[in-house]
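Student: Starting from the structure of chain A, add chain B where the hints point.
For reference, the chains in residue letters:
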Amino acid sequence: MNTFIALSKKEMNQMTKEYKVVWLPIVYILLGLTQPIMMYFLPAILQSMGGIEGIIIDPTMAKPGGEEVLASTLNSQFDQLGIIILAIATMGIIQGEKANGMMAFILTRPVSITSYLNSKLLTHYILAVLCISLGYAMSLGYTSYLFTSVPIMRALIALAFYCIWLLFIITFVAMMSTFFNSTPFIALISIGVLFICRFCAGLHPFLDVINPASNSLYATTIIMTGDIEKWYSFNIIVTLLLVLFMMAIMHHFIAKKKF
Amino acid sequence: MSINVRLEINNITKKFKQKTAVSSFSMVIDSNECVGLIGPNGAGKSTLIQIIADILYADAGDIVLDGQKISKMKNHIGYLPQYPNFFSWMTASETLAFMGTLSGISKNQLQKDIPILLEKVGLGKEAYAHVGTFSGGMKQRLGIAQALLHRPAFIIMDEPVSALDPIGRREVLNLLKDIKKETTILLSTHILADAEEVCERFVVIKNGYKIEDATKLELLNRYQDSAIFLAVQKKDVKWLTTIEHLPYVKRIENCGEGFKVYVNHLEKDAHRLLQYGLDSNVLFTKFDLGLQESLEEIFLELVV
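Protein sequences, first through last, are from chains A and B. With the working numbering applied, the first sequence corresponds to residues 1 to 259, in that order. With the working numbering applied, the second sequence corresponds to residues 1001 to 1304, in that order.
Extracted from the complex, chain B is given alone in its bound form:
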């Protein structure tokens, strides 16, 4: 699509009776970004996604796509619900034809596009099977197909892979990687590893509040420990007690099969430590700089 998508979410607040699901949430998504909305169950992800998809009303705040209210831009948005539900009596290609007609796509165009799209999402053989016979993964793929059908500039997906088995997950993730080349994507998930594969930017939401918004690199750097991971041979374990008293070593932690040595200045101190080790005739089996926590750990740290 020719429009340059820029989605602005301004101060969205949504209350359900007593519970506030989303509290003054703001963010901006630029063209060709792939943003992962991450949060534990009940954090308000689905509510936010449904507000963006114009299924729910926000109590306050507005959402603007390319300078227009989101409700007027439905043709530029593809939406995949958490549990895509279709009419069980329709076949896969009938479903797409129906959804496509609703988006105002001409019959000829649909006839051309549907088989290609079904092939793309791996449902080529099931084009004329009834949706009622589909498994969860197949429905999910059909859901993705319907979200792509009208070639939207912006796709919103609510937990696209959470309900799938590992094989289905892999297929859908590969599909997403393919899609994101030409489309802006916002997807929600509570499994960080999934988001990590396709998204560059993560927005973490907890209890309705945005608590983090950063790219993967920023996140990793921000939560990087100045620590050295090292492992030595058994006979040299004694040596470790001596380094504890070195002025530049803050503390030592036992960690799995090795030790984490916390220092002040990572590179300078690593050099000194290595030198000290060599001088003491210690054989290192592992020496790792700048221990990175996995995103999963960062995520846990953020939300728990």
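Same shape as in the complex, but just chain A:
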């Protein structure tokens, strides 16, 4: 337990020294702002861009509801650019210390692989949750200001669902970081797989149950309608099992010293 705390502290210090605690929240805040602002000014942007001869902008077009804007923050900002940024921010999580020998060095001390991995995952996960929450709060604020307000309970439950998808993202990138030694490759394969997961979400009810990205889809549905279906919990369990499974694989990989 002591080693876990010491390692977590080290991770946090490192994130501070690398300014990750500064730039990652800023990026997410900007991402969160983009969606409501862009949607608000979309008609004006289209008009000023010109080249719309023949296109009639319906002046009576209904403004989108706040729910719609907030939901699209999740699925068209956080789930696209957000995943790319998170994958890049996390790709070196284990690869870095694997490459410079620090991991082997740390493990010559009486440190269990579990506390080593957990400290990494937990600190990065907490940072990611904080960043997403900040960006989400920004989006929520601007949405209520520029459009209609969203019921706060719905927004919070949706965020909780999204954080489960986030846990999968972080664990998956960490697993790739354990397996491979080239950071561009880690980022590429993580982004690729996570995007495929995200695009598959909602295609087929059976796929949805085992697809961790469905949690993100549920989050948007909850924002839009406020309904929470029973099978959502089943999907949460499957996602958590997947996360545990990936952690076991990482543990095995490091224990067998295949790095």
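Simulated from the structure, these hints should not be mistaken for laboratory data. Where hints are given, some of them may not hold.
To be verified - Label pairs and their computed distance ranges (CB to CB):
no.: 1; chain 1: B; residue 1: S1162; chain 2: A; residue 2: A137; range: 52 to 58 Å
no.: 2; chain 1: B; residue 1: S1106; chain 2: A; residue 2: S112; range: 16 to 22 Å
no.: 3; chain 1: B; residue 1: T1215; chain 2: A; residue 2: A248; range: 46 to 52 Å
Note that beta-carbon positions come from the ideal geometry of N, C-alpha and C, so glycine has one too.
Tutor: Chain B in isolation, oriented as in the chain A frame:
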């Protein structure tokens, strides 16, 4: 530490794809020994050291420290990697505090020990400097400090001095001499002169095989030539041709400024030769018994 260290390495074998790095290597290190693991580059020294430090897995064989598997005895082992790498954003004392906490040392203890230890390895002034600004020698010394921090009974060092300049080398060697009074040390090196200074016992490894395991004295005796080194004045050089025909002289070799005279029985024949020389009115400028090859030469003979 109170434990009585006895490290047993039993039949360690390690293969990397096609190449066998270490082949059924066995040895025993007893308490308070200082053993030098010597071999040319690529002999398998680092691989063996990393297996002992539990960084690599051996394909076969096991390593037992004090009757326990080495992986359960991490607290009793101090390890210095060949190129100690630290987090460049940490200061020297933060690094030690971090490594110490991982070994389960209490905060109070660390606060007491770290300044003393940093002073001991000559980094007292750099305690609050970032490791990123350190030179290779300073990192090496910090590496030694972290290996000593938890007061291990057994220290493994992978090439502790090979990467250092002569001054750094001297400092580290002096430090090692100091440490070995209370700790068992296993260090690897390809420079024999370094090992000679601190170690009493040498294990020579080549292509993954152990080819020699002896104390310095044993090595020197084993490779001692029965030869007499002598030098005479120029005018007496002719005399040397006469001794060639003496029954007890095997052969004569020109060697630097003098000659090596190989004989059968060193002491008896030396006496006879000296007597013969005096009788022939020869003035010896040098007369040396039992030519010892330096360890360096023995080492070269072994591994080449």
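Student: A separate judgement is required for each hint: does it hold in the structure or not?
Tutor: Okay, the hints, checked on the actual structure:
| no. | hint | in the structure |
| --- | --- | --- |
| 1 | S1162/B - A137/A: 52 to 58 Å | holds, 56 Å |
| 2 | S1106/B - S112/A: 16 to 22 Å | holds, 19 Å |
| 3 | T1215/B - A248/A: 46 to 52 Å | holds, 49 Å |
In terms of the numbered hints stated before, the structure departs from none.
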